[in-house]
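Visitor: Below are the chains, spelled out letter by letter.
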Amino acid sequence: MLRSPGGNPRHLISAADLTRDDAVLILDTAEEMARVADRPIKKLPTLRGRTVVNLFFEDSTRTRISFEAAAKRLSADVINFSAKGSSVSKGESLKDTALTLEAMGADAVVIRHGSSGAPYRLATSGWIDGAVVNAGDGTHEHPTQALLDAFTIRRRLVGADAGLGKDLDGRRVTIVGDILHSRVARSNVHLLTTLGAQVTLVAPPTLVPVGVERWPCEVSYSLDDVLPASDAVMMLRVQRERMNAAYFPTEREYSRRYGLDGLRMAKMPEHAVVMHPGPMNRGMEITAEVADSGRCTAVEQVANGVSVRMAVLYLLLGGSETALPSAAARTEENK
Amino acid sequence: MSTILIRGAKILGGEPADVLIEGESITQVGTGIEAGDATVVEAAGQILLPGLVDLHTHLREPGREDSETVLTGTRAAAAGGFTAVHAMANTFPVADTAGVVEQVWRLGKESGYCDVQPVGAVTVGLEGKQLAELGAMHDSAAGVKVFSDDGKCVDDAVIMRRALEYVKAFDGVVAQHAQEPRLTEGAQMNEGVVSAELGLGGWPAVAEESIIARDVLLAAHVGSRVHICHLSTAGSVEIVRWAKSKGWDVTAEVTPHHLLLTDELVRSYDPVYKVNPPLRTEADVMALREALADGTIDCVATDHAPHPHEDKDCEWAAAAMGMVGLETALSVVQQTMVDTGLIDWAGVADRMSVRPAAIGRLEGHGRPVSAGEPANLTLVDPSYRGTVDPAGFASRSRNTPYKGRELPGRVTHTFLRGRATVVDGKLA
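Chains as they are written, first to last, in our numbering: chain A, 13 to 347; chain B, 5 to 432.
Mixed in with the good hints there might be a few duds.
Pairs of lysine-lysine, DSS-like flavour, derived with a Cα cap of 25 Å [stated by the list, open to error]: (1) K430(B) / K113(B); (2) K172(B) / K248(B); (3) K96(A) / K316(B); (4) K156(B) / K133(B); (5) K113(B) / K133(B); (6) K14(B) / K430(B); (7) K107(A) / K172(B); (8) K107(A) / K316(B).
Derived list of chain B stretches under chain A, where covered just means 3 residues or more per stretch with a C-beta under 8 Å from a C-beta of chain A [what the hints assert, rightly or not]: (9) 193-199; (10) 347-356.
Please keep in mind that the hints were generated in silico from the structure rather than gathered at the bench. Model, not experiment: these values are computed from the prediction. Every residue, glycine too, gets a C-beta built ideally from N, C-alpha and C.
Here chain B stands alone, though its shape is the one from the complex:
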């Protein structure tokens, strides 16, 4: 049984303390813990967080192993401080059967870098027409609790209503990709001042907001919980805030890139900034930060979306939508939320571990850093300043919008049930 002593880390940013890990669990938290024959991690000045949990990751396997595999994706996740990721269902074949979700789940087990919780498709083939066998996916070894047609919106109101109702039987949740399809035909970027100038098809905020408004009303009507994926506009924040004020069971996530980047970047026509939902305006960014701080938005989710180089090395309209995000998420959150004083490190633990684990009903993650808990932990050096170099990514893909950008903070160690997956900033 391996023994590790993390010495002098600030737990959730608090006072320095020592944490002893024996086997898969935390066995002691305190000061002056004797090392004995434990491996010592000197962590003075560093922040200890519960292992990060991502509700929204595209691991691409099966089907698009040229952009990511479960193994490379989980290595990227560990490097970014994650101990659990939810693998989205838009693979080839689509994760709409017990067989496919079990395959992804098994690949996650084999990778050993990060727990992989498969997300099941809401509808067969993400087509939005017929419910997938949600119960079978739940009952499978993968134990699916989160269902999403992410990449596509469940736009049919009746299908959405039925899905919301149906998953109540096993405490599931539908995670909606809110995008009214007719309002976004040919959409290339946020509709507004910049799209008008650039002549790129507009993706209006109302296409997101109208679906969110409908779905929170549906969830309230049938007494279900609903989760909103990658919320991106100030108007969406208002709707979720209103729904929560009614006491409805609505949760929402925001991506790191929507907390930092705006549609002004599209002026470069560089498809590395092409993402769905699109980068919005400065006012939206500020509203999202505020909503994440006050809890209207429950959590940060990466929407890590790897694409091969050729799918971004082209003209805008031909390019794929999406950005990788696992390995930069915590740094972006530090820059936009912590260094700005909007939340503290306890807040980061809440928004990037506790709440996403709770929404996903994920056991063993998002737990307090205390004796008896599973040793899923992330150690961060917040004083680090570095320039993002995609060549150093563990992900198979390089489509990051932060290339060459200076971001704060670095994950120095990640522990998955007591096993170090990252040591001194390098994958173990």
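Looking at chain A on its own, in the form it has when it is part of the complex:
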């Protein structure tokens, strides 16, 4: 179902590896998982006896607890391995860490790493047998973030039930901010395009990568020009330190030209939503007024993240058919 470029169907490394049908299946499965979250007992026995390791070389409490909640709701055993205070801080290599996890019998490794390509190396170097899920690598990709974003867009613009089986055909998604350093942007460009959406990137030219002209999306330097033609506007976190490297002159100038405030939000079509992967820099890329408005999906995205990650772990680790018959059946069809 999920293929790495090596053809191995057990990993989720890049959103670019997902076909339209793969992606729709994950979103549909996530809808079913979301229903579990509405039950009084939010737990399925599907991955009982399986071990999921959260291997986090970078601090990311949000993503880690999201994967942890997802795995636990599927009854998997979860081991959290954080680089700080571990053997990694004593100079252990990624390879030795991987071999250690392998020896402990990890069925899946969810990896967050500061180096682009580290999950790909983990999946393709023969160090481990388990499934590898990329939870964010350097400035490369963050595929489950893109999946939860797509899930959120589909729910809001098409509907939870009405959206089943559907993609994002013709929806216009604008991604604003530090595209150059954003793994979220890269994954979203791949996935949203695969799902039929039209993506426009908006940033100061300094924060757009050289080579972007080959990406399947538009690039604009003007947020105001793009807002009226957006069905969803995704605001990326912009690190204040970037101004020290001359990517932009000051925080205030960035905020004036590329921040989303109430006035700008009013230029968006009525149905359009504002998204943010978090954590937000209130007052920088987004004002409190927008962040706290009903059009902002930031909190929903967190909840959806658990459902999407449940779907990914379920589909990768092959859950029992009794727990989720419909999704399992579709998995078979897609093989």
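Given the coordinates of chain A, assemble chain B onto it according to the supplied hints.
Guide: Positioned in the frame of chain A, the structure of chain B alone reads:
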């Protein structure tokens, strides 16, 4: 005194001829030379070249003997058909004093596989701040003529100017590693379409080209010669071509890997493809081949950069930069330049022996294959086809980007001043 008769080899790819080696020299070249009691090397169909000369080799000793030593590096060089290599200065300690360059020079003498000409650092500790004692290194037994902070760029324009001027006193040359440091902070690969997708820090072509442009202007201004290490972009070619058209004394080298490989390979995130300067685009590769063919780029230099396995068996960002190259250089040049019709074997002799020896002012190498010349020779079987197997390397390191790749040609014999260092493809 040993006597060797090489029978029926095509000298520089020309008509078959016999070459008689007596002692350290070539004594006869012709047809139908009597063998007498000479050891005969049957060389029908093979190409005889002057021993190859590498202007750019990292032998790692002293300091990183876990990746290479002068002995293993010179064995690799002989296996690759080289009779002389220039050992880069970025060792530990740095080769920035007469003492260190003499140590490397002495280790080369002891190895016996290949002449080792140490390169001296331009600045103390490669720090780019204070000139090293260039004169002392020149005056030492090592007789240094080529100075380079390779691995780092001499980025301070004043230091570079002074170095260019200073070495004129003893006909030295500064070999610049052209890399504008601010433009390449955190750089991991060529900046372009692939880096944008992979999310790896970009090493833009302009970081190389801007330094080359500055340095050819500086060299012209002070009337010095400058050599550009591992030129890697189409834009750099244009600048060097322009400088040469002005009559300025600018020379340049290209590595075998930049003649063959592109940044598309980085999609594998396999650090075996991580090298500095980085692999560029197909358009750059084509421009480099053309420039080597038309002489804009003077020579091929390997930038042989051994690293231990653990420095490549890791994630991309953590990996060391560099590739071994001595044992595959000639094959890559055959594939990219000869088999494509861009140059002939005389051209290979020129670009891999004559010109690098001339740039390094190296005596006894890069000489014609004729009577009275030192018997520094390389015999190549161009019809050979083989798959690269790093396990068979003489180098202590295995970080080759060509593992499993089929490459043409094989060095069957190498002679260093009449002594066979390689016989039938094996180290003697």
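Visitor: Decide, hint by hint, whether the structure agrees.
Guide: Hints, verified against the model:
1. K430(B) / K113(B): At roughly 21 Å apart (the allowed maximum being 25 Å), K113(B) and K430(B) satisfy the hint.
2. K172(B) / K248(B): It holds: about 19 Å lies between the C-alpha atoms, which stays within 25 Å.
3. K96(A) / K316(B): holds (24 Å)
4. K156(B) / K133(B): holds (12 Å)
5. K113(B) / K133(B): violated (32 Å)
6. K14(B) / K430(B): Between K14(B) and K430(B) the Cα gap is close to 21 Å, so the pair holds against 25 Å.
7. K107(A) / K172(B): violated (50 Å)
8. K107(A) / K316(B): OK: K107(A) and K316(B) at ~11 Å, within 25 Å.
9. 193-199: n = 5 at 8 Å, threshold three: holds.
10. 347-356: violated (count 0)
In summary, the structure is inconsistent with hints 5, 7, 10 from the numbered list given earlier, while agreeing with the others.
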